[in-house]
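Respectively, the protein sequence lines represent chains A and B.
Our numbering numbers the first residue of the first sequence as 1 and each following residue consecutively.
Our numbering numbers the first residue of the second sequence as 258 and each following residue consecutively.
Just to be clear, a hint being listed does not mean it is correct.
With a Cα cut of at most 20 Å, we get these calculated SDA-like pairs of lysine to any residue [claimed, not checked]:
#	chain 1	residue 1	chain 2	residue 2
1	B	K399	B	D354
2	B	K351	A	F89
3	A	K251	B	T328
4	A	K251	B	G273
5	B	K279	A	S257
6	A	K251	B	V312
7	B	K351	A	K251
8	B	K413	B	E521
I should point out that these hints are in silico values taken from the structure, not numbers from a laboratory.
Predicted model only: the values in this text are computed from it and were never measured.
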Amino acid sequence: MTNREKWIAFETIVRREIHRFLRIWPQTLLPPVITIVLYFVIFGTLIGSRIGEMSGLPYIQFVAPGLIMMSVITNSYSNVVSSFFGSKFQRNIEELLVSPTPNWIILLGFVVGGMCRGLGVGLIVTVLSLYFADFSIHSLPVTVGIVLMTSLMFSLAGLINAVFARNFDDISIIPTFVLTPLTYLGGVFYSIELLGDFWSKVSMINPVLYMVNAFRYGIAGISDIPVYWAFGMVGMFSVVLFFVALNLLEKGSRLRS
Amino acid sequence: MQPALAISQLNKTYEGNFQALKGISLEVQPGDFFALLGPNGAGKSTTIGIICSLVLKTSGTVSIFGCDIDTDFSQAKQHVGVVPQEFNFNQFEKPVDILINQAGYFGIPREIAAERAEKYLRQLGLWDKSHVPSRTLSGGMKRRLMIARALIHEPKLLVLDEPTAGVDIELRRSMWEFLREINAQGTTIILTTHYLEEAESLCRNVAIIDHGEIIQNTSIRALLQQLNKELFVLDIREQLSECPSIEGYPITLVDDHTLEVEVEKSQSINELFDALSSAGIHVLSMRNKTNRLEELFFDLVEKNLSGDKND
Chain A
1 MTNREKWIAF
11 ETIVRREIHR
21 FLRIWPQTLL
31 PPVITIVLYF
41 VIFGTLIGSR
51 IGEMSGLPYI
61 QFVAPGLIMM
71 SVITNSYSNV
81 VSSFFGSKFQ
91 RNIEELLVSP
101 TPNWIILLGF
111 VVGGMCRGLG
121 VGLIVTVLSL
131 YFADFSIHSL
141 PVTVGIVLMT
151 SLMFSLAGLI
161 NAVFARNFDD
171 ISIIPTFVLT
181 PLTYLGGVFY
191 SIELLGDFWS
201 KVSMINPVLY
211 MVNAFRYGIA
221 GISDIPVYWA
231 FGMVGMFSVV
241 LFFVALNLLE
251 KGSRLRS
Chain B
258 MQPALAISQL
268 NKTYEGNFQA
278 LKGISLEVQP
288 GDFFALLGPN
298 GAGKSTTIGI
308 ICSLVLKTSG
318 TVSIFGCDID
328 TDFSQAKQHV
338 GVVPQEFNFN
348 QFEKPVDILI
358 NQAGYFGIPR
368 EIAAERAEKY
378 LRQLGLWDKS
388 HVPSRTLSGG
398 MKRRLMIARA
408 LIHEPKLLVL
418 DEPTAGVDIE
428 LRRSMWEFLR
438 EINAQGTTII
448 LTTHYLEEAE
458 SLCRNVAIID
468 HGEIIQNTSI
478 RALLQQLNKE
488 LFVLDIREQL
498 SECPSIEGYP
508 ITLVDDHTLE
518 VEVEKSQSIN
528 ELFDALSSAG
538 IHVLSMRNKT
548 NRLEELFFDL
558 VEKNLSGDKN
568 D
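Okay, chain A solo, but in the shape it has when bound (with noise of 0.2 Å):
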């Protein structure tokens, strides 16, 4: 395939992952926002007025980013491992996988899809989180560069996911019994100077609290840790994911027989 070839082969990729988490709206777009919006209307505003200030900012601004990054997270992965698992389970996988397109730019096209629902439930719940609080942009590019990368970890996170599983419970165990709890200890609620020392020292090994924290960094200005450790981090977890994946795509794991 010349270069030409391959980029036509992503842009399809893409614009099918697009097309399908827009055409099923009702399932992949709307629920995120209303969960979100339920949130912010209880945490914010109901029980958050009363909690008052958390690290030097009002509840409701320090939860902001966090129930943002949530939702980037959370649709990220949930757009790749449903897409992907559903493509294994009607078997049309087997349309990419009987074409010449490598297994880097397949792999490229489930995961910049992903992004694109990860980051378009974000950006929605971004401006409807400007409805409930105020605040500003510290670092743009902190909050960029934070949230694309996260997005992209999730998204490989979810193809990997989906690449193991053999049926509908194996896609919804890792969500569950991981991902959210991972999210909810996060540091998406609290920071994590209210837990005791060996809490805290124990909250460090969570991923999502780097990139829930560094993104709070790039809007409010605020950290539990260093922003740069979050980099580091959550970019080494998506090259080893990347190439996890890659690996699988390449053996065909559960693909091919």
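Got chain A sorted already, so can you dock chain B onto it with the hints?
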């Protein structure tokens, strides 16, 4: 000239040590209409799966128009289009989108893909369904959609794995006509089918595979010449109460107006008719009881099976 398909010493062992292919070798020439026949589980779909890289081979080589599927996979894949046995498209997408996307995976620009999609959907009688969700198509339409999808990048080799399974006779005939046309235009076609009439009618050359081995690889004509006898069904004007006896022609009385007669290749049908006339029996019509290729197929597979048992 490079063969359209060259398979050499191809082996496939699945998990659990099941050996699906035992070192098969095969060549299909450009422009051929080739039948790959065999009973269920013989290794046909595994062979096709390896050709289009959905199945990983254990050993051996496969090249398509001279392009090795391992070392020149991109070019090899450009040459081959595949119509699998089972529906494997996204049932929620529209036929036109399925075709345009498939073209995209082969690096074909969208505007060219749209033109080709219209061309093939029209040729296969699906254009009026091009914008409905593909899950709403009938079984026959879905099969035709998969043929259109396999052709969208205009491959030189088209591989069809039981393309007319479950398709009604009228539609089957129209699909045959379409396949003959694209073969006449130069596309090499490899077909697996359980309808041996289909193979006899369409194909020039044939390989019969059984238990992962090729037990015959020849032309359909040469294969049919191996058939020594045929079984004819005769519709008789007179009502017969007992089976007539004619020397050299084993006859069975099916019902009081129908006979079955076994005729060897060396025997004359005229002699049979003369003998029946002499016995006061008038034949109204005559037909082959079974498809000739079908008889041979059973003979060969049976022989192979008894050979295996003797081993």
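Against the structure, the hints come out as follows:
no., hint, result
1, K399/B with D354/B, "14 Å, holds"
2, K351/B with F89/A, "18 Å, holds"
3, K251/A with T328/B, "15 Å, holds"
4, K251/A with G273/B, "19 Å, holds"
5, K279/B with S257/A, "17 Å, holds"
6, K251/A with V312/B, "11 Å, holds"
7, K351/B with K251/A, "31 Å, violated"
8, K413/B with E521/B, "42 Å, violated"
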